[in-house]
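Top to bottom, those sequences are chains U and L.
Using this note's numbering, the first residue of the first sequence is number 1, and each one after it goes up by one.
Using this note's numbering, the first residue of the second sequence is number 1, and each one after it goes up by one.
The set of hints was computed from the structure by calculation and includes no laboratory data.
Don't be surprised by glycine CBs; every beta carbon is placed ideally from N, CA and C.
Keep in mind that a hint or two might mislead.
[Said to hold, decoys possible] With a Cα cut of at most 30 Å, we get these calculated DSSO-like pairs of lysine-lysine:
{"no.": "1", "chain 1": "L", "residue 1": "Lys98", "chain 2": "U", "residue 2": "Lys69"}
{"no.": "2", "chain 1": "U", "residue 1": "Lys86", "chain 2": "L", "residue 2": "Lys72"}
{"no.": "3", "chain 1": "L", "residue 1": "Lys78", "chain 2": "U", "residue 2": "Lys68"}
{"no.": "4", "chain 1": "U", "residue 1": "Lys88", "chain 2": "L", "residue 2": "Lys61"}
[To be verified] Facing chain L, from chain U, some residues (calculated, C-beta under 7 Å):
{"no.": "5", "residue": "Val5"}
{"no.": "6", "residue": "Glu11"}
{"no.": "7", "residue": "Gly77"}
{"no.": "8", "residue": "Ala78"}
{"no.": "9", "residue": "Ile79"}
{"no.": "10", "residue": "Gln80"}
{"no.": "11", "residue": "Pro81"}
{"no.": "12", "residue": "Gly82"}
{"no.": "13", "residue": "Val191"}
{"no.": "14", "residue": "Val193"}
{"no.": "15", "residue": "Val194"}
{"no.": "16", "residue": "Leu196"}
{"no.": "17", "residue": "Pro204"}
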Amino acid sequence: MSEIVDLKELERRAFRATFQDGLWDMFVGVVVLAFALIPLLDALGDFWSSVVFLPIYLLGWLGFQAGKKHVTLPRMGAIQPGSARKAKLRKITGAIALALGTFAALGFVVIALQQANARLADWLFPALMGLLVLVAFSVGAYFLDLPRLYGYGVLAGLAAPVGELLYRHAGAAHHGWPVTFGISGGAIFIVGVVLLARFLRAYPVVREGER
Amino acid sequence: MSADTTRGEELQPLADLDRVIHEPARLMIVAYLYVVESADFTFLMRQTGLTWGNLSSHMSKLEEAGYVEVDKSFVERKPRTMLRLTDAGRAAFREYRKRMEQVLGDIPA
């Protein structure tokens, strides 16, 4: 017997428990759904339709924080992760920052290519965006030990290229984003709602000293 | 040296096991606290499946042994109890694992 208690598994279980309320999933769903909404507001112009992201994300974040405070904490309690997990969490921040930096750099490449070959650049942007989203979610899945994030990565990563395909071949408006990001974001959000419903049923509120 | 004496020596680590940690419920509590920096009472109750009273009683024993630090506070007028293993508690758990691995590893399958 090499391990009396499997501490790695125990730590993983303890950490994962904080993600079983579905709130992160719902927040990610809102973030992805915003990409479906933004193109519909293009009448506002590029700047204002992009700025609309901010209140949507802010509302999503506030809802997430309120949920953690009023729903999760009284039912599941809280932990401070150990040093190994904190180091992993620091790595994820660095990895995502690196991915975003790469994406920004690739953005410049796309603009340069657009000057040279517009048709290639039209496909390059959704492909790169899909790849970046897939990588970002996969990094999260790996460092957070949350395999369902790989699925979210595929769902959200496919949205831009499939949207472009729909736009090119089926005439979908706004590069197909309202449809594809709507489906991806909606699916992720629904997973969150199901997890939340299961969480609420499984864990009634506990008040210290009552039991 | 007789066979009985040898067997007695082999099993000596069992007799030396830390009884505070060796109790199954306390072993679960200590193991959970070992892998995190700190956890609150509710979280431990959920993860271990112990009732509030049971957890309190085991926690008192661990606190008496100097293995657990209890930090009681109020967050927005609600009581919150955070628990963490002390350095002595971490060392005791490491020692317990070592001894158990030693004993169980020596038993033929």
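Next item on the list: Enumerate the violated hints, using their earlier numbering and listing them in ascending order.
Entry: Hints 1, 4, 13, 14, 15, 16 and 17 contradicted; others consistent.
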